[in-house]
Amino acid sequence: VVYRFLLDELQYLPTFAANFFYSEQQITTNKGHVETLPTMLAISWRGILLLEEKLYTIRQGITIGELLTYGVKDDKILIVVGTSIKHSKLIFSSWQTPYIDECIRLCCKDSPAIMALGKGNNADQTII
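In the UniProt record's numbering, the protein residues as written are 1 to 128.
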């Protein structure tokens with residue numbers, strides 16, 4: 001149900017397709033090891049879908065309201081999603097990081113995380 005708006009968006013593939021990006025999600029295991037998982041990011045004005053790279057199956061959907069914190073640091077995209085009570089930190093790396101950053105800032109501009117970045121001289125600074 002949460003992903004319904006994002007799934008509806010997929011029917012408009014001609015406009016959505018310009019916002020698909022290859023990336024690797026960094027996941028820390030319960031033993032503290034960092035592993036990478038190939039992930040396709042599908043970004044729209046309603047949120048972000050994390051897709052399996054080869055199968056294009058949906059792994060996770062993030063709506064605009066769930067984007068709590070956003071930033072780019074050391075060519076990595078850092079996103080905190082969820083609520084103030086339960087949230088998780090997602091880390092992505094990609095050779096397309098500048099384009100992903102620009103797309104998230106344009107498409108998800110109404111999210112609390114992007115609005116917190118502001119529009120003044122500090123708009124390019126990471127708040128994570």
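I should point out that these hints are in silico values taken from the structure, not numbers from a laboratory. Be aware that one or more of the hints could be misleading.
[Unchecked claim] Taking lysine-lysine and the DSS-like style, the derived pairs with C-alpha atoms no more than 25 Å apart in a straight line are:
1) LYS31 / LYS89
2) LYS73 / LYS86
3) LYS109 / LYS89
4) LYS109 / LYS86
5) LYS76 / LYS86
6) LYS109 / LYS54
[Unchecked claim] What follows is a set of in silico ranges between Cβ atoms, one per label pair, in the way DEER data are often shown:
7) HIS33 / ILE58: 34 to 42 Å
8) TYR99 / LEU37: 28 to 36 Å
9) LYS54 / MET115: 16 to 24 Å
10) GLY65 / GLY118: 14 to 22 Å
11) PRO112 / ASN30: 17 to 25 Å
12) TRP45 / GLY82: 29 to 37 Å
13) MET115 / LYS86: 19 to 27 Å
Glycine included, every Cβ here is placed at the ideal spot set by N, Cα and C.
Indices of hints not satisfied (ascending): Of the numbered hints, 6, 7, 8, 9, 11, 12 do not hold.
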